[in-house]
Amino acid sequence: SVSSIVPESCLLIVVGLLVGGLIKGVGEKPPILKSDIFFLFLLPPIILDAGYFLPLRQFTENLGTILIFAVVGTLWNAFFLGGLMYAVCQLGGPGLNHIGLLANLLFGSIISAVDPVAVLAVFEEIHINELLHILVFGESLLNDAVTVVLYHLFEEFANFEQVTIIDIILGFLSFFVVSLGGVFVGVIYGVIAAFTSRFTSHIRVIEPLFVFLYSYMAYLSAELFHLSGIMALIASGVVMRPYVEANISHKSHTTIKYFLKMWSSVSETLIFIFLGVSTVAGHHYWNWTFVISTLLFCLIARVLGVLVLTWFINKFRIVKLTPKDQFIIAYGGLRGAIAFSLGYLLDYKHFGMRDMFLTAIITVIFFTVFVQGMTIRPLVDLLAVKKKQETKRSINEEIHTQFLDHLLTGIEDICGHYGHHHWKDKLNRFNKKYVKKCLIAGERSKEPQLIAFYHKMEMKQAIELVESGGIGKIPSAVSTVSIQNINPKTLPLERALPALSKDKEEEIRKILRNNLQKTRQRLRSYNRHTLVADPYEEAWNQMLLRRQKVRQLEQKMNNYLTVPAHRLDSPTMSRARIGSDPLAYEPKADSENLPIITIDPASPQSPESVDLMDEEPKGCSGLPPSPEDDEEGLVMRVKEPSSPGTDDVFTPGTGDSPSNQRMLRCLSDPGPRPEPEEGEPFIPKGQ
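So in full-length UniProt numbering, spot 177 of the sequence shown is number 177, and the numbers just go up one at a time.
No lab work stands behind these hints: they were computed from the structure. Each residue gets a CB set at the ideal place from its N, CA and C atoms; glycine is no exception. Possibly wrong hints are sitting among the right ones.
[Unchecked claim] Taking lysine-lysine pairs in the DSS-like style, the calculated list, with each CA pair at most 27 angstroms apart, reads:
| id | residue 1 | residue 2 |
| --- | --- | --- |
| 1 | K436 | K424 |
| 2 | K34 | K320 |
| 3 | K315 | K424 |
| 4 | K257 | K432 |
| 5 | K261 | K34 |
| 6 | K320 | K388 |
[To be verified] Simulated restraints on C-beta separations:
| id | residue 1 | residue 2 | range |
| --- | --- | --- | --- |
| 7 | L173 | S1 | 50 to 58 angstroms |
| 8 | F41 | Q402 | 39 to 47 angstroms |
| 9 | L296 | K426 | 45 to 53 angstroms |
| 10 | R57 | V371 | 42 to 50 angstroms |
| 11 | Y285 | Q461 | 56 to 64 angstroms |
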């Protein structure tokens, strides 16, 4: 119940504070989180787990936004915070006057970077949507290069007697060397790991070891040359994953997945516990002006940076970042153990104010992790920010995604605009034509993408069924392609495989038939009459159709007949009218040939109560029309009530004469052919 309100990172820091207090209470010296232990053993598992399982499509689609936030945003935070802190030190009194500009800029570069460990710990608990998660987490991963460059740059400048323009230009160029150099090292080790996994079909046990070994070697090689180790780990994980998973067995894949999750979870726990212990054990120098100014300027710099950069980014984005998104991005800029470890690495000789820097850094870390980390979940619920939807991918979604990618690539080619879809298609073609043949063993290198995705889903579903105990539900027909990892086939050298064999083509068609939605098939809606077979169903349908036609005819007759409805008078008024003029209310002698309209006395005002009984046009009876007929008009007769148990549709009446039927056919206008109802099948029977 406590962890649903307070993030686990806050609870772990509290545990570390309690443990450090107990150790100090018994007279022992608590251990301090040393930077070498943190950077060499605790940080790499977390970054490798994040890089290996990185959602690559969302990351590449938002790469421009992530880079702007990571590079420009971090530079803005560092220089804005460093400059303002230098002004505070100059105005803050005798205790702060000795801190120079380079020391403040170094402090700003340490405290300005968003921490990936803290972001992962908080954002995975609130289940924010994929866009915001990849923006904040991608920024925390890629700003490592900026932090490393600024940290080493200002540390070296502090040893110089005078900083020249050439030093500044070289420092600016070193950013590209550190970032691109780290990516290059990671790509090399990722390709080596993928190539090595091609030859491990006979020694499946050591397959996971190669993934961990080459990733860690990439990190150490980058750190050895002062390159970005985090960028190297991310690049190696992203490059090796698709090829390694195609070569290794499913047991090795499961081992890699769960071991990385366990390793990163243990490292994250140790980092936050040691952070709490180091807070109790370390030497602190509290200066109210410096600490409060640092905390305030950190928040102001983050908010201003996000607002300005988002205003610029939204000019080029199709999916704009809303004010709610901007608030979550600004509020999610958490600081963590990386800033503490970088501050701990400072040398007392050149930075005598290290204890005050560490105190301010720990204060900012605690504020962001406790206050912002605890309040971000209620704020997400209050602002109704879109949450992450856990949905399983389907064949239908995969096919339409690939179709839209090809469509957008074709549109870009027609327009002559070489956007990211064009270069992504070029990269996929190069990967399929050359890289896969070198790094993937067996038939998997030539397997169509749809079949590979289908069997990946098939195997994943089978593993879930086995884990849940539902092995009896697994279909008996297992494809031979899905188990070729276990028993790889040896192809004869003289045989040249076609681009797509008949078996593969038939398998793709079968997958499409079974998984694509039948869009032309219409299902009958639920009806209680269809539950039990009704022998009188056809008769009821005919009766309902006839009633519907009669209603339509009555509505059309209302348009032809303009005789106003007879208004009923009270009995007193009726007797007075008859008494005043009795001849006017007597029936005419020659009214047999006149049209007769019966009116239901129950509701004479309703148009549906009018029933056409007999209507013949004048002149049809063979007699010439008399002038009296023109004055008489229509005669209204009261409709006789039908006997109970009879139906007015099936019971023949006086108006069913052949002449009346001809008149009905003349007056009825069938109109266009009605469209089929929703309950009827799309394709008629017999076709």
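Checked hints:
1. Annotation: proposed proximity of K436 to K424 holds, straight-line Cα distance about 16 angstroms (limit 27 angstroms).
2. For the given pair, K34 sits about 43 angstroms from K320 by alpha-carbon distance, which is inconsistent with the 27 angstroms threshold.
3. With a CA separation close to 23 angstroms, the supplied pair K315 and K424 stays within the 27 angstroms bound.
4. Only pairs whose Cα atoms come within 27 angstroms are accepted, and K257 paired with K432 is accepted, the gap being roughly 26 angstroms.
5. Straight-line distance between C-alpha atoms of K261 and K34 comes to about 24 angstroms, which keeps the hinted pair within the 27 angstroms bound.
6. Distance restraint check for K320 and K388: the Cα-Cα separation of roughly 18 angstroms lies within the 27 angstroms cut-off, and the hinted pair is therefore satisfied.
7. In this structure the hint that L173 and S1 lie 50 to 58 angstroms apart at CB holds, the actual value being about 54 angstroms.
8. At roughly 42 angstroms, the beta carbons of F41 and Q402 sit within the given window of 39 to 47 angstroms.
9. A beta carbon spacing of about 49 angstroms between L296 and K426 agrees with the range 45 to 53 angstroms that was offered as a hint.
10. Roughly 34 angstroms separates the CB atoms of R57 and V371, a value that falls outside the hinted 42 to 50 angstroms.
11. A C-beta distance of roughly 59 angstroms is found between Y285 and Q461, which places it inside the suggested range of 56 to 64 angstroms.
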